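Work from the hints to combine the two standalone chains into their complex.
For the protein sequence lines, the chains are A and B, in the order given. My numbering puts the first residue of the first sequence at 1, with every later residue one more than the last. My numbering puts the first residue of the second sequence at 1, with every later residue one more than the last.
Please keep in mind that the hints were generated in silico from the structure rather than gathered at the bench. Owing to the predicted nature of the structure, the values given are computational and were not obtained by experimental measurement. Be aware that a few hints might be false.
Claimed, not checked - PhoX-like mimics (lysine-lysine), calculated; alpha carbons at most 25 Å apart, straight line:
hint	chain 1	residue 1	chain 2	residue 2
1	B	747	A	47
2	B	747	A	289
3	B	627	A	310
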Amino acid sequence: MNQFQYVRATTAKTAIGALVKDPSATFLAGGTNLIDLMKNGVTAPQKLIDINPIPLTEIRKQSNSIYIGALATNTDVADHKLVLQNQPLLSLALNAGASAQLRNVATIGGNMMQRTRCFYFNNPDLPCNKRQPGSGCGALEGYNRMHAIFGASPQCVAVNPSDMSVALAALDATVLISGPKGDRRILFTDFHRLPGDHPEKDNNLMKGELITGIEIPDNAFGKTVHYLKVRDRSSYAFALVSVAAALNIKNNTIKEARLAMGGVAHKPWRLTEAEKALVGKPATEATFKQAAEIAMQGAKGLKYNSFKLKMAPNTIIEALKTASGIA
Amino acid sequence: MSLMEKQNFFDSKAVDGLDRVDGRLKVTGAARYSAEFPIPKLTYGVLVTSTVAGGKIQSIDAKKAEHAPGVLAVISHFNAPQIPGYSEGSNPAKGQTTKGQPLRVFSDDTIYFYGQPVALVVADTLERAQFAAGLVQAQYQKASFQTDFDTNVTAADFPSQAKNRNSNGDYLRGEADAYKNAPVKIEAEYVIPTEVHNPMELQSIIAVWDTADKVTVYDKTQSLKGAQGTIAQAFKIPVENVQVVATYVGGAFGNALRTWPHEIAAVMAAQKVGRPVKVVISREQMFTMVGYRPYTWQKVGLGATADGKLVGISHEAISQTSTYEEFTEGTVNVSKFLYACPNVNTRYKILPLNVSTPTWMRGPGEASGAFALDCAMDELAYQLNLDPIELRLRNHADTDPERNLPWSSKYLKECYQEAADRIGWFKRNPKPRSMKTEDGMLIGYGMGTGSFSAGRSAATASIQMSADGTYTIQCATTDIGPGTATAMVQIASDVLQVPVEKIKFQLGNSSFPKAPSQGGSSTVSTVGSAVTAVCISLKNKLGELAIGQGEAASVKPADLTFANGQISSKDQSIKIAYADVLKKHSLPNLEVTEESKSGEERRKYSFYSFSVHFVEVNVHPATGQVKVKRVVSCADAGKIINHKTAGSQVIGGAIGGIGMALMEEAVIDNRFGRYVNNNLADYHVPVHADIPAIDAVFIDKKDPYINPMGSKGVGEISLIGMAAAVANAVFHATGKRVRDLPITPDKLV
Ligand SMILES: Cc1cc2nc3c(=O)[nH]c(=O)nc-3n(C[C@H](O)[C@H](O)[C@H](O)COP(=O)(O)OP(=O)(O)OC[C@H]3O[C@@H](n4cnc5c(N)ncnc54)[C@H](O)[C@@H]3O)c2cc1C
Ligand code: SF4
Numbered sequence: 001m002n003q004f005q006y007v008r009a010t011t012a013k014t015a016i017g018a019l020v021k022d023p024s025a026t027f028l029a030g031g032t033n034l035i036d037l038m039k040n041g042v043t044a045p046q047k048l049i050d051i052n053p054i055p056l057t058e059i060r061k062q063s064n065s066i067y068i069g070a071l072a073t074n075t076d077v078a079d080h081k082l083v084l085q086n087q088p089l090l091s092l093a094l095n096a097g098a099s100a101q102l103r104n105v106a107t108i109g110g111n112m113m114q115r116t117r118c119f120y121f122n123n124p125d126l127p128c129n130k131r132q133p134g135s136g137c138g139a140l141e142g143y144n145r146m147h148a149i150f151g152a153s154p155q156c157v158a159v160n161p162s163d164m165s166v167a168l169a170a171l172d173a174t175v176l177i178s179g180p181k182g183d184r185r186i187l188f189t190d191f192h193r194l195p196g197d198h199p200e201k202d203n204n205l206m207k208g209e210l211i212t213g214i215e216i217p218d219n220a221f222g223k224t225v226h227y228l229k230v231r232d233r234s235s236y237a238f239a240l241v242s243v244a245a246a247l248n249i250k251n252n253t254i255k256e257a258r259l260a261m262g263g264v265a266h267k268p269w270r271l272t273e274a275e276k277a278l279v280g281k282p283a284t285e286a287t288f289k290q291a292a293e294i295a296m297q298g299a300k301g302l303k304y305n306s307f308k309l310k311m312a313p314n315t316i317i318e319a320l321k322t323a324s325g326i327a
Numbered sequence: 001m002s003l004m005e006k007q008n009f010f011d012s013k014a015v016d017g018l019d020r021v022d023g024r025l026k027v028t029g030a031a032r033y034s035a036e037f038p039i040p041k042l043t044y045g046v047l048v049t050s051t052v053a054g055g056k057i058q059s060i061d062a063k064k065a066e067h068a069p070g071v072l073a074v075i076s077h078f079n080a081p082q083i084p085g086y087s088e089g090s091n092p093a094k095g096q097t098t099k100g101q102p103l104r105v106f107s108d109d110t111i112y113f114y115g116q117p118v119a120l121v122v123a124d125t126l127e128r129a130q131f132a133a134g135l136v137q138a139q140y141q142k143a144s145f146q147t148d149f150d151t152n153v154t155a156a157d158f159p160s161q162a163k164n165r166n167s168n169g170d171y172l173r174g175e176a177d178a179y180k181n182a183p184v185k186i187e188a189e190y191v192i193p194t195e196v197h198n199p200m201e202l203q204s205i206i207a208v209w210d211t212a213d214k215v216t217v218y219d220k221t222q223s224l225k226g227a228q229g230t231i232a233q234a235f236k237i238p239v240e241n242v243q244v245v246a247t248y249v250g251g252a253f254g255n256a257l258r259t260w261p262h263e264i265a266a267v268m269a270a271q272k273v274g275r276p277v278k279v280v281i282s283r284e285q286m287f288t289m290v291g292y293r294p295y296t297w298q299k300v301g302l303g304a305t306a307d308g309k310l311v312g313i314s315h316e317a318i319s320q321t322s323t324y325e326e327f328t329e330g331t332v333n334v335s336k337f338l339y340a341c342p343n344v345n346t347r348y349k350i351l352p353l354n355v356s357t358p359t360w361m362r363g364p365g366e367a368s369g370a371f372a373l374d375c376a377m378d379e380l381a382y383q384l385n386l387d388p389i390e391l392r393l394r395n396h397a398d399t400d401p402e403r404n405l406p407w408s409s410k411y412l413k414e415c416y417q418e419a420a421d422r423i424g425w426f427k428r429n430p431k432p433r434s435m436k437t438e439d440g441m442l443i444g445y446g447m448g449t450g451s452f453s454a455g456r457s458a459a460t461a462s463i464q465m466s467a468d469g470t471y472t473i474q475c476a477t478t479d480i481g482p483g484t485a486t487a488m489v490q491i492a493s494d495v496l497q498v499p500v501e502k503i504k505f506q507l508g509n510s511s512f513p514k515a516p517s518q519g520g521s522s523t524v525s526t527v528g529s530a531v532t533a534v535c536i537s538l539k540n541k542l543g544e545l546a547i548g549q550g551e552a553a554s555v556k557p558a559d560l561t562f563a564n565g566q567i568s569s570k571d572q573s574i575k576i577a578y579a580d581v582l583k584k585h586s587l588p589n590l591e592v593t594e595e596s597k598s599g600e601e602r603r604k605y606s607f608y609s610f611s612v613h614f615v616e617v618n619v620h621p622a623t624g625q626v627k628v629k630r631v632v633s634c635a636d637a638g639k640i641i642n643h644k645t646a647g648s649q650v651i652g653g654a655i656g657g658i659g660m661a662l663m664e665e666a667v668i669d670n671r672f673g674r675y676v677n678n679n680l681a682d683y684h685v686p687v688h689a690d691i692p693a694i695d696a697v698f699i700d701k702k703d704p705y706i707n708p709m710g711s712k713g714v715g716e717i718s719l720i721g722m723a724a725a726v727a728n729a730v731f732h733a734t735g736k737r738v739r740d741l742p743i744t745p746d747k748l749v
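In isolation and in its complexed conformation, chain B is listed as follows (with noise of 0.2 Å):
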């Protein structure tokens, strides 16, 4: 039986607005993360990390910590048990996308970076553990190291991979570098600090051999399935082997989507001494362990008629990496299609430092790029003396001018109107530094576009029906606190028509039907179709047991409705609850498993989801201190499932633009390599009193093809654009360009 696409989702509204499912558990703290299992005769792992930046460990002498109490074992290069998938290949990680030889934890001598783990000590308290950690010395043979971008920027190079393609990597639509002969030009460097994720939950694993070749563990991570191929490769045991538990994730915004040294060496440890053990690592580690969103530098120069029709559009970044791997990201990919544009040219170089890998945070590349191209849309605007606004109507794409395909949808349009009526962007004086507030504060009102690929591959789910009338449907995707179960419950009722309250989803654990990592916004597009298609297919099932072979059964399959937890034919031979469909068949419960992907859709249509951050901000004229007031973001992302939880998603998104536009910034010195900043006190993300009442609004209008549900992504696009926002809105309020982030008062005294 073919699985119909289900096209009128929540028409009703009936459970849009759901409260979390699992919000109770966090509040009350009965919900458990990774590091919370209790674990019998569980041992404690704390690191030891390196304190150069370069060079040769030479010894490392941990008598002393052997010998402290409790303390099971010093782990290091010296005594650590040959990683068995080292030994092989270049890249113990299959379809790791970051090109180049993850750090082997523990199998030679070479310091990449500073804070790079150099020991792991397990006791049997975690105090103990600590303690033992800081007798270990470890003693470095220095060589030197760079961590310095401006001084090292010429080394910039093309990604390899790029390398083996036409033109590097670069991208050229028309002619390159038109802006420069066009009648309105600017030009402008923009500069984009290393940034953080730092949420709440640290990176946590408990790893527990359960025999020799089978380990379970509890791991922080957004990616079941590839933390339990990369230990499989690793361990080389069998995938199924490996059991990857991640109940519940306490933020990650991509720190978690891959698998870091830290979990392969609790692994390790744990078959070394023979008992679970758990590594949390620390905040500081939290800065060189875990990835981070990397030190980029921009140019853009936009060129315009003077009616403001965009002439050329040259888009340059290059982003750090570490010396052993090649991290890259989408960064220069929205100036090739977020406005309309003949001339194009972008290129995307990475700088190799002294320094651990990046990786994607919220909102990956494109967010550091539209902070460049939206803030440089906000300067051509003001040249040309143009509404921002406007400027950027004039340009809108109609179609997506770099695969010159149509859009799936696009209520980008829609998004400014409503966003500037709510914010009375129409109401303000554009000039800059020409409002102020009664007590003297300047006043500036910005906006900035965000825009991230909707996606949607391949996921499994399975759902198992009791004859109780209960619902429990699993797939092994995971929660790192968008409210992905909410949602699932949501959709779920909404194909099945049963009360939501008769569901549970359960994520969070590997032998779960297969899903893809939790990023890049896609999880409701991609498990919300498994579920559409695993809820239609038991009711395909339900229908069939319900015709029978009795007199019903020349009732077509066709002439069944599904309505209010019961099945109907047209001519009312049928009439009856699902739950009576198993008792009748004498069921105890029937299951069902369901695979969704994209198809050919995703060669006709491009699929975007679309945001807009109106922002207004104060100013005092004699501190340089910005204290954003007013909030509205506006997206396009298809039909919302729950306004709550996606309400909440802008919300932090917001949150997180506005630390990354006035906040954020770790700071290295350059002479030790390493991180002078890595606290929460000194890094700084915004705080309860930093926030005003952020308003997000969603358009809520169907994909009419990207997937059953009409949905795209939100977690993104709340972040991207968010910071020119701020800084367009601090333009405004003092007449001064930042174009370095973050934006704090010493830069507008």
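So that you can see chain A by itself, here it is in the shape it has in the complex (with noise of 0.2 Å):
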């Protein structure tokens, strides 16, 4: 580990100014990611920016949403009573994610910030686009089983391991952020990139920025919801494949969905063809295969990551299934 000053911003106007004033300074929120990148030699920041003291763990109910601040903790958003009777998808997924420890230190801002865990990025002695741009993709003809099926470029075949984001994307959620030049809004679907030749590039924040917080507009899905993750053991393990679904079911014909998934990108995977597809059908086993279907449009597999091609269609089945109760 390099040695590193640390400084702690109460404000996120000093937080920011002091991010502005040192490119090689980065924030630290919960820490269960940065810093052990830090400790791999991934990432070397010469100063860390503590924005616990700034106060913006707020959650709160607005007039058609629900806010919640950037650093309210992953196990204090889930648990929240808003969350759980506004958004219970949202609960859903951040209690699939990580292991309690984590998650009662982990923020929803550093959360959606995490880095992917690709092998080779997080091996400061393979190669990675992603963390040394120009060095070569390692996982592209390497160990891609956790790799992506979707978006993926020559340059990098990653995958963002997020699982609270694929609930956020599918929710139209809003990322509100502070910056030298003001605050700005960024749809949440928008906020995640795909590698194209930048890699290096996880997100649209631009350099100084600061997430102050999420808006998540109100929706009419109820408890029609649910976020179904694949993985290689019940917890403390990243999705293989996962499911975000919601729907709203009147008279069984599907008035509105929400699909988006998780494990199979650079960036939380919406599928609004899928969705389209669902929207006006009766809530049939028929109708989800067909909206997986389409959903798996474009996807392809790499050496060791072909099996997602299958799981993830049937995931998106089972997902529906049991949001919408017919299993």
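So this is what it looks like as structure tokens:
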């Protein structure tokens, strides 16, 4: 681990100011991802700006949405009455991630910023375009069992590991950002990027910007939601494939549908075409199968991850069945 | 006076289930593990390891590291002091069971595998040592290397030790490959990937040179005498000048049976910097420095008559080893004796690759072998349309078919019955994919058999009785977790007939009387026998003193009874508390030392422990995720000294077996020759949520011949056969045979 400076910021403004002043600095939230990366030598910031003192832990109801502060912990959000009532899908997704101990300190902002778990990214003596642009993609021809089947580029085939983000993508959340030039909002589905030629960029946050919170619009899905995560063990493992599903069913007809997948792409993979295919149809296994088929269009397997081509549609169908209660 | 062997162990059951004598110390953090000894002037060593899997070290630029704050030395083969023992012979560790040349740390520029130690940075704090280790730059002259098992498998060969013998160590009983002509036959290949022990406690050592030729090491080891001998030989000092302390060991599963390069490096560094050095290896280094269960390919052929009598068993295995040592284990051994069969042939080969040397991992080769054999038995049972238990009963070995000897004891049939009843085996529909839960999960039942040699070797124990009626027993054994001290206190309590609170059992120090390594499920058997012997000897001594010269002199030792801490004679002329015997003779204490070992019985009987594992799984039909719902493990391990600690062993073994079956796999990227998932986030072992309640059952019947307690071993059989049980349950649930472990969801969708 390298030597670094540590400062505490008590307001968003001072945090942003400190980051703008020192391009080699990084925000520290729960530290559950950042510190590991520093220990492994993946990243070596010269300065940590601890943002925990900034009052951004609030969870509150707004007129048409709920607001969650960026520093609210994963546990506090997952257990919050407002979230359980209004956005149970988010709660399910959060609780499917990491372990209780990690969730107790991991924050919402840190969660959406967490970096890929690609083995090559995390081992600095292996090639990785994301860690070191131009060094090559170790995973492309390597052990790519955990990697992407959608939206990958020859430069990078990594997946975004966050469970929470899959739910937020499905729920049409918005990311609230403060920066040196003021505040802005990004639709959650526009927050993360595909690797393209710049896999070093995970998302569209710009240097000096701080995530202050998220907003999730109210919806009519109620409890007709499900987050299904397939993994190698029951807890404390990243998704092989995960699916966030939300349905609004009236008179056995799907009025509205949301679907997003995790573990399959460089960003939470929203399945808008499949959603369209669900709307107006009866909530039956046949409908779900058809949606899953549409969802998988354009999927491409690698040497070790082709199983996802079958696991992903199966998981979509299962998640929809469980959400709609027809299982 | 001869030592009578005690035959009625724990008939009263009075002390069974004793809580761990060191439990409180462990849960409160007061128990001191090797890395935790507060040593004055301690320094910290951090190993730098190779980033290539083959070639030569060209240069090591240590300048930056040497000038970093707090750094005392950067040791590599360029400047390492000559280890005197390295200059002679080919094998500095006498009695090493692994053939070849153990890795000589910092002795030359050859790189054998990725992650090999190339330098040790010593600094005054751990953080400074870690920081400086990151500054060391090694340059390599790369050479080609091989780590891919499949593409190199044709290079596999017989171990050189076997080559000196007849038929390269091949085993043949009756006719070879007889299964091929049997009316019903199966033939299948099985793969077990590399598995890493990964106990909680990282390998650690503190080396302290007390004088120029005397060293004390606080060392994580399962073998005090092994570490002592290896260090003495390496540094050419008398064995008694090496003191090894391992008061507590935080799990090991076999990876602390050998003395590894980091241990020698620490001792060398302490000599060089003239201060104590502590080395705790990192989790990543646990994958390459302290052994692992080798990647193993197996092929099993089974042939049977139409009514399910085995006609032939053929079992072939190839395991990986390093290029510098030939690690071998008993992978194919189970096929020789587990089932009655007239024709059996086995073959065992090893494949040298650019990896570090494997070592024994719980259940060693037998666990790998039993996975293949007992999956094959399940396949055969389905082929025969016979219940898997029925197939095993029809081929039950009433005597040891390999050695042609009677078993010392065997209650395997009772195990099948007990465990099958408990899990409800006979209520299952044996047809694959026929059972479902209400919510659509596929239900599967599977079983597997385990067996492991029930060993007993020589050990010595001493006991000191004080006039205040307390007893201290010492023996140079270790406790890697099974509760050795607890069991020994119970044994002593039962032999001496004094309460457990009065007895202390001290272990973990090489200056105590000699004991073998703690491995191969033989500690209770071996050390327990020594404890029995020394307690009996003490009683005899007390008896002699009690009879004394006075009016009771006519009493014969045989007329004495020892109960409730009192000696009494039949005629009641003697009735005296043990402690009063010492007082009467003005003795402050009484000390006895006794050795105990196996004898003739070893040639007359075949000694094995047996186990059966029954598992119920649920498999998600769409996602392939497997959930173990229930486990019943039943063991024939002879007399159980402590049901609580033995039960914990069985539970731990079952969990290890679930990990082996469903999760564990260390993956090498062959382009770089290195592990890619070398951390506990990516190398999966079961978490609590994966483990159901485990029913650990014992037959608890004495083995009449093995040792005075009648106890066989539990450690290995808890795991051996478990992976097969899980795999067979998955087959029953899904109709899919997964023959390459681990059975991850991708293999079932
Ligand atoms: C073993 C293990 C298993 C895990 N399993 C899972 C899993 O199954 N599913 C899952 O979803 N996650 C999993 N996680 C990841 C975990 O969810 C993340 O580590 C956690 O959410 C990160 O949050 P944090 O607050 O600790 O972030 P930090 O580690 O503090 O920060 C992470 C990054 O975000 C940046 N950052 C933090 N807050 C802000 C902000 N407000 N604005 C701008 N940038 C910010 C930091 O600068 C840093 O770059 C696992 C982690 C571990 C270690
Ligand atoms: S997939 Fe992306 S993160 Fe992984 S090695 Fe390739 S470039 Fe790096």
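So, going through the hints one by one against the coordinates:
1. For the proposed pair residue 747 (chain B) and residue 47 (chain A), the alpha carbon gap of about 45 Å is over 25 Å, so the pair is violated.
2. Restraint check for residue 747 (chain B) and residue 289 (chain A): the C-alpha separation of about 22 Å stays at or below 25 Å, so the hint holds.
3. For the proposed pair residue 627 (chain B) and residue 310 (chain A), the alpha carbon gap of about 20 Å is at most 25 Å, so the pair holds.
Hint violations for this structure: number 1 only, all remaining hints satisfied.
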